[in-house]
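Since the structure of chain A is provided, determine the placement of chain B on it from the hints.
Here are the chains, one letter per residue:
There are 2 protein chains.
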Amino acid sequence: MADDSLFEFLHMEIVSHVYKEHESRGDNDKERGTCVSLLELMGFRVGQGLIERFTKDTPSFKDELDVMKFVCKDFWTNIFRKQIDNLRTNHQGTYVLQDNRFTLLTPLSSGKQYLEEAPKYLAFSCGLLRGALSNLGLESVVTAEVSLMPACKFQVVVQKI
Amino acid sequence: MADDSLFEFLHMEIVSHVYKEHESRGDNDKERGTCVSLLELMGFRVGQGLIERFTKDTPSFKDELDVMKFVCKDFWTNIFRKQIDNLRTNHQGTYVLQDNRFTLLTPLSSGKQYLEEAPKYLAFSCGLLRGALSNLGLESVVTAEVSLMPACKFQVVVQKI
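Protein chains in written order, with my numbering: chain A, 5 to 165; chain B, 5 to 165.
If we strip away everything but chain A, and leave its shape as in the complex, we get (with noise of 0.2 Å):
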């Protein structure tokens, strides 16, 4: 519980402190992606840490979708202490995790006011994800989508090489 509002804090800390930054420098508008891209790496490297702690006592994964439940429940619980609740996938290497609950936009409203918000909110996390998947082998782009919070979608697109 504590510690689970400090990573909360901590995040809208980074979140907040990254926006304020460039509006400091006076970027312009199409810059701001840089934000996200700067929170997202943040979280990859983060990700990339933490899986390899998380999975030091874990026999290897059968396959990519074995992969993917780790992430969806382990990981995940480690990290948001609650699992992914759906798992959805083409079979075809793209996989839909759903959250209905979705801790880091809890402070948000979850009404549609903070609606355009929400994005810069779950750079980070989609960083996460990516970068556990890098260590675990599995290259991909991982993007999210809310339409109505505090519920959201994250979607992964395995790279296949």
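There could be a bad hint or two in this list.
Pairs count within a copy or across copies, as identical chains cannot be separated in the list.
With a cut-off of at most 27 Å between alpha-carbon atoms, the simulated DSS-like pairs for lysine-lysine come out as follows [as the list claims (entries may be wrong)]:
(1) K60 x K24
(2) K24 x K124
(3) K24 x K73
(4) K60 x K86
Please keep in mind that the hints were generated in silico from the structure rather than gathered at the bench.
Showing chain B alone in chain A's frame:
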């Protein structure tokens, strides 16, 4: 355990981000002080937020020392999974909080090699303390000192109004 590393990794990212961004701006050495201030201020806000949650069900404190004891024990444990090891005071508003194995310093070498790097990993935590105390009615100045990592001392000087 999981959450601990989440906080540690995230903290590392913030520190490295704040310093990198200053370098990229070409700021000179004098202005590096602002990195410390920035991290301290983030810690301050997080400390304020956290203490509010932690003290929700706590009866009020009987005096300044009582507040300090709470911070050393409950507040510190909630964040760092261990208490402050030693609390000393001159009974005139100055307190020295010693942590013999400070979590955010342990990833650095425990030798002298990274000693000069230590301050940037302490600024956030100085802010945490100052924020928590401020919300409990004590305005203070908090500084940190390291002699042999990963041990460190936080000095709190309560400002009498």
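query: Tell me, which hint numbers fail for this structure?
result: Structure breaks hints 1, 3.
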